[in-house]
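Letter by letter, the chains look like this.
Protein chains: 2
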Amino acid sequence: MNNRNEYLETKAQAARAAAKKLAFTPTAVKNQALLNIAEALTKRQDEILTANRQDYAEGEAGGMGAAMLDRLMLNPARLQGMAADVKTVAALTDPVGEVFDMRTLPNGLQIGKKRVPLGVVGAIYESRPNVTVDISSLCLKSGNAVILRGGSETIRSNLALVAVVVDACAGAGLPAGAAQFVDNPDRALVGQLLRMREYVDLIIPRGGADLIRFVAENARMPVITGGIGVCHTYVDKGADIRKAAAIIYNAKVQRPTVCNALDTVLIHSSIASDGLPQIASELGKAGVELHCDERSRSLLTGVPSLKVTPATEQDWGKEFLALIAAIKVVDSLDEAIEHIDKYGSGHSEAIVTENYTAAQRFLNEVDAAAVYVNASTRFTDGGQFGLGAEVGISTQKMHARGPMGLKELTSYKWIIYGNGQVRE
Amino acid sequence: MNNRNEYLETKAQAARAAAKKLAFTPTAVKNQALLNIAEALTKRQDEILTANRQDYAEGEAGGMGAAMLDRLMLNPARLQGMAADVKTVAALTDPVGEVFDMRTLPNGLQIGKKRVPLGVVGAIYESRPNVTVDISSLCLKSGNAVILRGGSETIRSNLALVAVVVDACAGAGLPAGAAQFVDNPDRALVGQLLRMREYVDLIIPRGGADLIRFVAENARMPVITGGIGVCHTYVDKGADIRKAAAIIYNAKVQRPTVCNALDTVLIHSSIASDGLPQIASELGKAGVELHCDERSRSLLTGVPSLKVTPATEQDWGKEFLALIAAIKVVDSLDEAIEHIDKYGSGHSEAIVTENYTAAQRFLNEVDAAAVYVNASTRFTDGGQFGLGAEVGISTQKMHARGPMGLKELTSYKWIIYGNGQVRE
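Residue numbers (this note's numbering), protein chains in the order written: chain U, 469 to 892; chain C, 469 to 892.
Derived by calculation from the structure, the hints in this document are not laboratory data. The hints are all genuine.
In silico BS3-like links for lysine-lysine, alpha-carbon gap of 27 Å or less:
1. C:LYS705 <-> C:LYS753
2. C:LYS711 <-> U:LYS581
3. U:LYS705 <-> U:LYS810
4. C:LYS488 <-> U:LYS705
What follows is a list of derived Cβ distance ranges for each label pair:
5. C:GLY576 <-> U:GLY549: 18 to 28 Å
6. U:THR561 <-> C:ASN887: 28 to 38 Å
7. C:ASN887 <-> U:ALA535: 26 to 36 Å
8. C:ALA559 <-> U:PRO778: 54 to 64 Å
9. C:GLU806 <-> U:THR561: 28 to 38 Å
10. C:GLY576 <-> U:ALA535: 24 to 34 Å
11. C:SER741 <-> U:ALA656: 51 to 61 Å
12. C:LYS753 <-> U:THR561: 42 to 52 Å
Keep in mind the model is a prediction, meaning the values are calculated, not measured. Quick reminder that beta carbons are idealized off the backbone N, C-alpha and C, glycines included.
With the rest of the complex left out, here is chain U (with noise of 0.2 Å):
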């Protein structure tokens, strides 16, 4: 026990004690240090795809289910995307120092906000070994220190890419220490982890419902929580039906093991005896299963080779992670909103709509992080929405709401410039 205590004190403390150097390393340092996990990504490419070709059939040997198998595994596209995410992320501007809503108070006080990194980041999270690049370069580059612990299953794909981020660092300079990798598989420690309060400023779970209760539960510092996507997409009566079709599908098909993924189907009575059956085929052809509440499965009685089945309880609410759609016929957009509100998640939600009122509604009536119109919810994402890549999806309203990129690992400090000036 002391050992282990000792092994996880000791990485806290160069965290730490990293970030505080971190804070004030110039952006060029910082850049450089991304450029160069950008560059190692592809030279040692063949280092990294052995070791997750190991964790990969580890994985398949023990029977690992399909969408887990699919989030473990790298290929050299998916290092190029990674490499290129990077680069994205060391061409944005660097949030640190910023001093903005800088005024002159009457008293001829100057004052405004200046942007300051957290400090120490820690981050918890499963499968995805993307999610070690991704976390690392945003919160280096915002100037913070990162504890980062993956999950068991991708120890080796993990250990490669946390060796290409250390080694980068240290070519570009900056703090040793910053970025930090908990290798030791002891579960204990992730429990001594979220109780150190004194070394880690905030804690980012990434993963499935368990760990994200885990962390929240025992976590004594701040913790964003997110990530779990129980996404609606909303036809409307008057919707442009082959818009809508193609952005259910999209929504639904493009990549069905993620949380902005479509997971519930609702649509106007008025236009689902004419639009259900098409957007039903569309989804089928990719073997979609259907689970459809009375109205909706009695429209789609006559179309071949779908793969239809009631729906429970269960299916409302539930975030499928698989080539599974809820279906459900309302009776007005009052209707889909007050299902929405019910078992949502608060992550995304689309409206497809060519009224103008509805669409208007829809998102300002929505609570979730990400609502759109006419459009897949596949977008929810840092990479999408220009921030570069993203350390988590936030479906929380405190500090940051959404995809979380680099100004959302900053906070701020008032400065204020006197000449004197005390309080009457």
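Dock chain C against chain U, hints included.
Same frame as chain U, now just chain C:
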């Protein structure tokens, strides 16, 4: 127990229901409620002051300390100040609905952020009855429902002020239940409120260190902590001593019982023998007791009518909330910054200097919510910073730092206007 549960449950449900409506209540209606509050603070002055006198008399009879009594006390001037603050808040721009960071992505998606209320804000506070009005007006204007739990020592004052707020809301047509006051003095209700994650989006504790620690450790929802101010003023070599003496006098004496009042003076050794006697003799005129390190004590032996005692380790890092100041001589700006880093609470810190580089280094390197050059730390206040009022002063880095006004009581959602975009 069941009765108690029901009592708070009913209030929390009513607040949640009101919050849903309040999110869409027009600015003019919210402003009218605030103007009604301001008007009633004058019109109903006798009623409020009578209630306050009873609280004060009871506190005095019960042996309440001077600091606490000062915080509790209302008078016509303080009521007018409260009314003026409420009017200022009414005149501020409504943050709700603001659309910002809107841009068009290369794929034609228009994407931006829209500001929304947090929902239901809970406030648990002690002593100062103006908190009832400050928090109510800021929450209502920013579209949040509020659940207030004031201290038993000001229960009569708070009930009188809550009556003003509730009547003002009803008069303006605000959703019923938007402002709730927990008038049952049972202390177990605080613990219960802290577990109501489904109803309360944010808890703000305002009071002593024990209250803040209790709330931070027991709340299941996000908490913004702060209000503990261990504030330093550092007098640099080459400082203008007259300026330093006036700033330090103001920071210590103008209202010693509040969190932004000075606790410790640090002074550079090269200026201490000339400067410290002047600074100390100013403080001495107001009867300030000085807890001095050895070097500063030796410099003050010749100064008449000073209350000087040797400082102990406990004096550094102590929030005095009284006419007491700790004094220490340091040999460099670095030593001052290190001392503040070790003992400060991250609230308000000031440097008095004529040196440009020292000023910039202090602003950059001191890690606190508000960092000053040549001004009194007493300015750290929502009203003084132009926020109208404040729900509290955050000393944490997540979500908001320093005085929290309207904008700090909001979140945002991403809104995305598409025309059929899907992800490739």
